[in-house]
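> Residue numbers (the working numbering), protein chains in the order written: chain A, 1 to 322; chain L, 323 to 595.
Do not take every clue at face value.
As the list claims (entries may be wrong) - Once the Cα atoms are required to be at most 25 angstroms apart in a straight line, the calculated DMTMM-like pairs of lysine to aspartate or glutamate come out as:
1) K152(A) to E391(L)
2) K126(A) to D173(A)
3) K126(A) to E589(L)
4) K154(A) to E391(L)
5) K154(A) to D360(L)
6) K158(A) to E429(L)
7) K278(A) to E313(A)
8) K126(A) to D140(A)
9) K158(A) to D180(A)
10) K377(L) to D360(L)
11) K278(A) to D200(A)
12) K377(L) to E391(L)
13) K126(A) to D360(L)
14) K150(A) to E125(A)
15) K158(A) to D140(A)
16) K158(A) to D148(A)
17) K158(A) to D94(A)
To be clear, the hints were calculated from the coordinates, so they are not data collected in a lab.
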Amino acid sequence: MSERLLPMGGARKCYAQGMNDAGAGPAIATAGLTKSYSGVDALSDLSLTVERGSIYGFLGPNGAGKTTTIRLLMGFIEPTRGRAQMFGRDTWRDGVQARSHVGYLVQSEALFPELSGEDQLRFAEKLSGRGAPLQDRLLDVLELSRADLKRKLKTYSKGMRQKLALIAAAQHDPELLMLDEPTDGLDPLIQRAFESHLLDRHAAGRTIFMSSHDLGEVDRLCQTVAIVRAGRLVQEATIQALRSQHRRRAEVVLSTPLPPGVAIPGAEVLSAEGRMLKLLVDLDPNPLLGFLAELPVESITIAPPSLSDIFAEYYVQESARP
Amino acid sequence: MTAVWTLLTQLLRRCRGGLIAMTIGLFAFEFIQPVAIDAFGNLDQLISIMDLVPKPFLALMNVTPEVVEQVGLPGFLALGFTHPVYHLLVSAVIIWIAARSLAGEMESGQVQVALARPVSRRQFYLARVLAVTLIAFWVSTVAALGNIVGIAYSKPDGTMDTWHFVPQIGASLLLALTIGGVALLVSSRADRMGQAVGWTAGFLIVSYVIDYFATLWAFLKPIQPFSVFDYYDPPVALAHGTIPGTNALVLGGIAALCTIAGYAIFERRDLPN
Numbered sequence: 001m002s003e004r005l006l007p008m009g010g011a012r013k014c015y016a017q018g019m020n021d022a023g024a025g026p027a028i029a030t031a032g033l034t035k036s037y038s039g040v041d042a043l044s045d046l047s048l049t050v051e052r053g054s055i056y057g058f059l060g061p062n063g064a065g066k067t068t069t070i071r072l073l074m075g076f077i078e079p080t081r082g083r084a085q086m087f088g089r090d091t092w093r094d095g096v097q098a099r100s101h102v103g104y105l106v107q108s109e110a111l112f113p114e115l116s117g118e119d120q121l122r123f124a125e126k127l128s129g130r131g132a133p134l135q136d137r138l139l140d141v142l143e144l145s146r147a148d149l150k151r152k153l154k155t156y157s158k159g160m161r162q163k164l165a166l167i168a169a170a171q172h173d174p175e176l177l178m179l180d181e182p183t184d185g186l187d188p189l190i191q192r193a194f195e196s197h198l199l200d201r202h203a204a205g206r207t208i209f210m211s212s213h214d215l216g217e218v219d220r221l222c223q224t225v226a227i228v229r230a231g232r233l234v235q236e237a238t239i240q241a242l243r244s245q246h247r248r249r250a251e252v253v254l255s256t257p258l259p260p261g262v263a264i265p266g267a268e269v270l271s272a273e274g275r276m277l278k279l280l281v282d283l284d285p286n287p288l289l290g291f292l293a294e295l296p297v298e299s300i301t302i303a304p305p306s307l308s309d310i311f312a313e314y315y316v317q318e319s320a321r322p
Numbered sequence: 323m324t325a326v327w328t329l330l331t332q333l334l335r336r337c338r339g340g341l342i343a344m345t346i347g348l349f350a351f352e353f354i355q356p357v358a359i360d361a362f363g364n365l366d367q368l369i370s371i372m373d374l375v376p377k378p379f380l381a382l383m384n385v386t387p388e389v390v391e392q393v394g395l396p397g398f399l400a401l402g403f404t405h406p407v408y409h410l411l412v413s414a415v416i417i418w419i420a421a422r423s424l425a426g427e428m429e430s431g432q433v434q435v436a437l438a439r440p441v442s443r444r445q446f447y448l449a450r451v452l453a454v455t456l457i458a459f460w461v462s463t464v465a466a467l468g469n470i471v472g473i474a475y476s477k478p479d480g481t482m483d484t485w486h487f488v489p490q491i492g493a494s495l496l497l498a499l500t501i502g503g504v505a506l507l508v509s510s511r512a513d514r515m516g517q518a519v520g521w522t523a524g525f526l527i528v529s530y531v532i533d534y535f536a537t538l539w540a541f542l543k544p545i546q547p548f549s550v551f552d553y554y555d556p557p558v559a560l561a562h563g564t565i566p567g568t569n570a571l572v573l574g575g576i577a578a579l580c581t582i583a584g585y586a587i588f589e590r591r592d593l594p595n
């Protein structure tokens with residue numbers, strides 16, 4: 001069991017002792033969380049901790065187990081083994097309490113087409129029981145007007161439905177925002193505006209747990225990421241730590257082309273066209289720098305690995321494993 | 323209870339279009355029953371015509387000419403509550419509301435809108451049970467009102483105690499709740515609305531067929547108690563103003579057991595993707 005997981009009833013005890021009304025413990029903690037269907041593990045032995053006040057990215061290709069994890073956290077499905085807690089409360093046995101400080105982004109297709117946007121938000125507000133202090137702000141950020149809200153959802157475009165789903169998830173200013181592909185269908189300007197809103201909520205101490213295929217967005221927002229593949233956690237680290245563990249990209253322009261067949265130490269050659277070399281630099285750059293010092297270098301650019309580089313590298317490594 | 327109220331009102335609001343259409347249809351169908359009876363002039367003429375109607379045709383309406391003749395006008399009015407069209411309208415609205423609000427919402431993912439919030443599955447299910455109960459009461463009452471207004475309009479031959487419509491509402495309510503209970507049970511297990519509608523409709527058709535053939539063929543009498551329609555007796559309610567205790571017990575018991583079993587399944591099940 002994860003040491004951050006509280007025993008049953010632990011959250012209630014801390015609450016009685018006057019801790020934050022969102023209960024005790026980290027925002028999310030799972031220990032050995034497993035979900036099997038007909039004996040096949042969709043998620044296997046997942047143990048992770050999402051600290052309060054962090055922005056946590058949950059990454060993986062389709063079918064990796066991201067959605068299964070989120071559904072387990074939301075209490076939509078029962079774990080086969082292991083446990084999951086939000087704010088110290090078990091998400092299956094004590095689901096109502098666990099979800100009382102959570103804002104979850106439902107798929108926009110799951111909203112009610114026969115109701116107006118206004119009715120959907122009012123419904124969400126009543127059920128959350130916390131009012132909608134951020135509704136006006138979110139309408140502004142996402143550029144959805146009050147007149148739009150009067151219309152029935154079946155007249156909305158995909159992007160408008162996504163905006164409404166985001167407002168319904170976040171309008172009550174929850175302690176934890178659980179977002180699965182939050183900016184899917186939004187235009188880039190609105191996407192950036194919503195990212196700013198998330199950073200603002202983060203600054204106010206809120207926790208954000210997000211899954212996204214847009215790695216640029218994850219890179220801009222998240223401090224920590226977990227990467228899952230085939231139902232298993234393959235990495236959990238801060239983005240900074242991930243960057244330091246992965247090879248950087250370098251572009252070198254020489255005055256004269258490198259003779260063919262010359263081995264370059266400390267780097268993998270991605271391409272060599274004329275005087276331009278594209279390299280993947282080993283973690284220790286000194287052998288490469290020593291080699292380049294002997295060559296007529298016109299310019300050199302070394303960039304830290306992007307999250308997509310890191311992500312891709314994980315998948316290449318994982319795929320190569322027997 | 324606030325969450326249950328919110329869920330219930332939202333559900334009824336979403337279904338109001340279909341409910342209004344069904345209400346008009348049911349009211350109109352029941353309204354024309356006394357008008358049609360009156361068109362024959364007097365009950366004796368109607369009785370003589372009924373004697374000519376083949377038994378298998380009358381069995382479709384779950385009545386025998388003897389009963390109808392014995393009880394007079396209430397017996398003829400009961401035809402409006404045993405007619406296949408009546409069963410079709412009531413079953414359609416009850417199955418629709420139960421299947422759409424449970425299996426349908428699981429299929430579309432709409433269930434997550436409520437269950438992602440501090441709402442328990444018990445509250446969610448209770449709102450569905452209340453909706454089915456309210457609508458069952460509503461359709462039973464609307465049908466009776468249609469009949470009452472039709473009587474007032476056409477003034478058919480014979481006597482009818484208007485208060486006897488109260489037990490008739492009770493009998494219709496019990497049958498509708500039984501259908502609702504079965505629909506909730508099936509919906510709580512199903513992943514798709516079509517499955518829930520199909521299985522519940524199948525149950526009712528088999529039940530109706532058993533009752534129909536058991537009325538015609540004596541050798542099938544022993545299996546007639548396995549049909550829910552065997553416990554639904556509008557001629558008795560309208561003529562005598564009572565609901566037989568066994569009928570109330572059996573239909574009420576099936577409704578309660580199915581509803582509770584449905585909850586037990588829904589509480590523990592994984593929601594579909």
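> Hint by hint, say whether it matches the structure.
Consistency of the hints with the structure:
{"no.": "1", "hint": "K152(A) to E391(L)", "verdict": "violated, 54 angstroms"}
{"no.": "2", "hint": "K126(A) to D173(A)", "verdict": "holds, 14 angstroms"}
{"no.": "3", "hint": "K126(A) to E589(L)", "verdict": "holds, 22 angstroms"}
{"no.": "4", "hint": "K154(A) to E391(L)", "verdict": "violated, 54 angstroms"}
{"no.": "5", "hint": "K154(A) to D360(L)", "verdict": "violated, 47 angstroms"}
{"no.": "6", "hint": "K158(A) to E429(L)", "verdict": "holds, 20 angstroms"}
{"no.": "7", "hint": "K278(A) to E313(A)", "verdict": "holds, 16 angstroms"}
{"no.": "8", "hint": "K126(A) to D140(A)", "verdict": "holds, 21 angstroms"}
{"no.": "9", "hint": "K158(A) to D180(A)", "verdict": "holds, 16 angstroms"}
{"no.": "10", "hint": "K377(L) to D360(L)", "verdict": "holds, 23 angstroms"}
{"no.": "11", "hint": "K278(A) to D200(A)", "verdict": "violated, 38 angstroms"}
{"no.": "12", "hint": "K377(L) to E391(L)", "verdict": "holds, 14 angstroms"}
{"no.": "13", "hint": "K126(A) to D360(L)", "verdict": "violated, 52 angstroms"}
{"no.": "14", "hint": "K150(A) to E125(A)", "verdict": "holds, 16 angstroms"}
{"no.": "15", "hint": "K158(A) to D140(A)", "verdict": "holds, 18 angstroms"}
{"no.": "16", "hint": "K158(A) to D148(A)", "verdict": "holds, 13 angstroms"}
{"no.": "17", "hint": "K158(A) to D94(A)", "verdict": "violated, 34 angstroms"}
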